[in-house]
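Participant: Numbering that gives the first Met the number 0 applies: residue 0 is where the sequence shown begins, and numbers increase by one.
FYI, nobody ran anything at the bench for these hints, they're computed from the structure. Some hints here could point you the wrong way.
Below 20 angstroms or equal to it, Euclidean Cα-Cα: the simulated SDA-like pairs (lysine to any residue) are [said to hold, decoys possible]:
hint, residue 1, residue 2
1, 52, 25
2, 51, 65
3, 52, 7
4, 155, 138
Please read these numbers as outputs of a predicted model, since none were measured by experiment.
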Amino acid sequence: MMSEPTSSPKHEHFMALFVRHEPEIHSFLTSLLANLTDAEEVMQETSMAMWKKFEQFEAGTSFRNWAFQIARYEAMNFRRKRGRDRHTFGDELVQLLADDAAGQAAQLEEERRVLAHCLAKLRSRDRGVLSGCYREGSTIRAYAESVGRTPNAVRKHLAKIRTALSLCVRQTLGLEGA
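Make a model of the complete structure from these sequences and hints.
Facilitator: See the structure below:
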């Protein structure tokens, strides 16, 4: 008889952080490597390396930045193993790409945080329209029918909501021309 695997608090903590940041790590690797297949292969290596080195992760620091460092190392290691294929990037270019990708990831994280703040400030009716239209498997037409409105009226309402969200995000981030 097989018993259920037990998970330790360490395992659960790692998995929670990993699941939260996995899409960013994968995107980061995709920006460093020539193709998606290579990025997926290196993602597997990175995942294993992160688990093995998780004891070295300092709680309270950025898991994403720590993971990016490991991913960068694994990407460069992957390239070295591949040899001098003329289709691979040089170490300097990989470093530049990695720095740029890390900066973009930080900016996107800030934008997501601000967007969540702006969404919370919307009227409940507007949040209802957004969730009704953008729910998985839903369409504007289906939502409009469910609330007794025309699809065109719902589109116009969505446009106003998007404009309000865009303005809120730009103002909160302090962007010019808000």
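Participant: Decide, hint by hint, whether the structure agrees.
Facilitator: Hints, one by one, checked against the model:
1. Restraint check for residue 52 and residue 25: satisfied, since their Cα atoms lie roughly 18 angstroms apart, inside the 20 angstroms limit.
2. Of the supplied pair hints, the one linking residue 51 and residue 65 holds, its CA atoms being roughly 13 angstroms apart against a limit of 20 angstroms.
3. As the CA atoms of residue 52 and residue 7 are separated by approximately 16 angstroms, the hinted pair is consistent with the 20 angstroms bound.
4. Note on residue 155 and residue 138: the hinted pairing holds, with a Cα-Cα distance of about 15 angstroms set against a maximum of 20 angstroms.
Going down the numbered hints, you'll see the structure goes against none, and every one checks out.
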